Amino acid sequence: MNSTKHFSVVIIGAGPAGIGAAIALYKRGVKSVALVERSDKIGGIPSLYKKKKGGVRTFIRWSRGGIPFFGEDYAHWLGEQLSKTDVQLWLQSQVIEIEAKENRITLVNPDEGRVSLTAAAIIMACGSREETASERGWLTGARPMRVFFTKQLLQLIDGNGLLPMRNPVIIGSDLIAYAAAAKLKVAGAADAIIVDNRRRPKCSYFERLYFRRWSQPNFRGVAAKSVEVVGSKTASGIRLSREDELIPCDGIVLCGELIPNSELALQGNLKVELPSRKPVVGRDSQLSEPGWFAAGNILGGFHGAEWCYFNGRRVARAVINHLSQSS
Amino acid sequence: MVDWPDGNLDAAVRFDEDPYDVIIVGAGVVGCALAYKLSQYRLRVLLLDKNYDVGEATSKGNSAIVHTGFDAAPGTLESQLVTQASRQWPELAEKLKIPFEKCGAMVLAITDEQNKQLDTIHAKAVSNGVDDVRLLSAAQTRELEPSVPQDVLGGLLIPRESIADPFTTSIAYAEVALANGIDILFGAEIVEIEDADKTIKKLVTARNDRIATRIIVNVAGLGSRRLADLYGGDEFDINPRRGQFLIFDKYSRSAIKRILLPIPTAQTKGVLVIPTIFGNLIAGPTAEDFSLDDEEVTDTTLEMLQSLLSGASRLFPGLVDQPVIGTFSGVRCNCSQGSYWIRSNDGHQGIVTVTGIRSTGFTSSPTLAEYLIKELHEKCGLNLEKNPNAVDSRPESNWPGWWQRPFANGELVKQNPDLGKIICYCENISRGEIIQHLDSPLKPRTLDAIKRRTRAQMGRCQGFDCQIKVAEIISEHCGIPLSKITKRGPESEIVPAPTAAGNEGKG
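The listed protein sequences derive, respectively, from chains A and B. First residue of the first sequence? That's 187 in our numbering, and the numbers climb one at a time after it. First residue of the second sequence? That's 896 in our numbering, and the numbers climb one at a time after it.
Simulated from the structure, these hints should not be mistaken for laboratory data. There may be inaccurate statements among the hints.
Stated by the list, open to error - The calculated DSSO-like cross-link candidates involving lysine-lysine, where the alpha carbons are at most 30 angstroms apart (straight line), are: (1) B:Lys1019 <-> B:Lys997; (2) A:Lys236 <-> B:Lys1379; (3) B:Lys1379 <-> A:Lys237; (4) B:Lys997 <-> B:Lys1152; (5) B:Lys945 <-> A:Lys419.
Computed from a predicted model, the values in this text were never measured in an experiment.
Using the sequences and the hints, build the whole thing.
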């Protein structure tokens, strides 16, 4: 039997939303808060966008008058705020199981092995990931090397100083896609060809204008129902089936189209919409069991880091309400 | 140039004039099973493959059903080998330390016409020696599998139909063979056979190694035709038959206990819904014929995937709401001249061609290997002397693999903290497990080889979170630069090689 530790609030995920919630709880005097993070550092997705001279500032802080920022700087700021609190941080702690009725999570980490945490309230701030080729529904074909997600692109370019491709094709056309095109260009690749199954890019005109400083990607809206990845060992192109046109490339990035990391909620029988994977939330981001809340990009859709941070703070207020009612 | 681990042979051994007794060309599940069985004798055996892992070609796309052979054509070699193997599998899995689950299967009849056919299928099963099958009423069918359509008219229960792990099976066979002293060579494409008509033949690889042997067994799957051309084997044609599959997330698995099969038609066996040993559901396969040169044979297509979903939802209507996490194509090594097309002394004494081994080859691998050894003994004069020191099992200490999670036992994590560092968030695979597999006997070094052994990158996010981290661990642990890590061996590197011009595009 594994040991159990008790907290007043447990937050799963130390990205902007989870940290926002943790800081708000501290400021409002909630003691005994645990912040559980599966990776070895805090900051979530923004921390992958490294600060670099001449690099692309992909984050905007609207609360400070719309100043462009490096994601890493934002993650750093979050870390500073967090260090001023007494929130207990659990790094490298992967939650493997939740029991919704018992308000219990079970996690694994290198120091303690397997531990259970219980709390009066639990906030799921698990973020989101990018849709796989099959989840996009219109991308089929081969499965060679160098079909990356944006996250992998960042790990290679910013994390390891490698250029993952020289002639990129980007699938998806939201802000993440245009930011990826800019990052690739700055890292030494050619302007990307951005392909999406819509007539106009998802990314707004002003956002695209912003990224034109670094790269001028070529948008291809494909009416085609199906686009096929080509390449036996590494990606060598994509084929637009209806036009029967081959766009050559040496790497493909699947960008954006975020899908909530709601697996734990599903596993614990909290209500989740399928196949969208959006957790079903009521008033104040409450999940289908009392005491369970959701914050940030796990709610679905695509939100910037700052939105998630403020959303985390807002959910923290709802959690405090819940705590006062139940005590 | 990165020193690619190409098996346990160094160049000096390869150029050794001392001939092998048997060289097995093709390290798919059949080649590996043959190596495993041959390793029980005092023989010098080499298992080689052009790829950089075992089971890297058709075997990895197998649905991993361990068939009872209930629906095989009675009296064929295939039926005989499958039926025998089906009874050996529980013990085999025990020995090889591979996961195996007797989940059972159910044939569903939706129309009156189909309902009448159930009796025929029942009779066929009994004549194949599968006498534990049972006809079910509509109510019984729904009671056993509540997720089947409400208008189901009846079913046939096949209790012993089972599932296993398509990847670990080949690996386990090869690891035991290796422990018994068999040599394994990867990255070895055969381009020429010298002295095919002599007692000692020489296989020439694309790297210009010459490897001498008395007997060649061609189990090269889709490559068997090209290899047979090198020694002038008998006429046969390989028509790869593609089978696409949809993979559903684990939350769908609880809805179904058994493999669900439709009533087969004259053209096709239809679309099945299959629980996997990993806890997912898969739906498939399609049956699409290709020619040998088509590269698209492992591609997936939108139309076919959509038709799979509609076919599968006739067996399990709730499937349409379930998230699809991935798709893949398997390829059956279909021989126009017939399944299990085996020729001993094909063209020349001492050369055996084994082809047309379709999806049932996974099930029949242990009995097919025994059958082939008998052929080698009786027809090619292979001298069989048991090696009393040979083992037929993987050691207990062998890491039991993904199906027993180390964190189930918190003490294990405390002894080795790496087992608590979760790298793959979907399947909860730790850094420690990845390292244990890097240190395993076949020395896997590719992303796909680690994927098949640990399941890292195989979950719902398809590597979003862990692919680069896995590459970093391989790089760090094995001293290979990150830029040289590959998906399946040379030419599938994670990033393109730098050009002399630096940043310039290839144009």
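- Task: Mind checking the alpha carbons of B:Lys1379 and A:Lys237 for me, to see if they're no more than 30 angstroms apart?
- Result: Roughly 26 angstroms between the alpha carbons, so the hint for B:Lys1379 and A:Lys237 holds.
- Query: Is the hinted pair B:Lys945 and A:Lys419 satisfied, with a Cα-Cα distance of at most 30 angstroms?
  - Reply: 14 angstroms, holds
- If you draw a straight line from the CA of A:Lys236 to the CA of B:Lys1379, is it 30 angstroms or shorter? Satisfied, since the Cα-Cα distance of roughly 23 angstroms is no more than 30 angstroms.
- Holds or violated: B:Lys997 with B:Lys1152, Cα cutoff 30 angstroms? 10 angstroms, holds
- Message: Please verify whether B:Lys1019 and B:Lys997 have alpha carbons no more than 30 angstroms apart.
- Response: At roughly 21 angstroms apart (the allowed maximum being 30 angstroms), B:Lys997 and B:Lys1019 satisfy the hint.
Going through the hint list in order, the structure satisfies each hint without exception.
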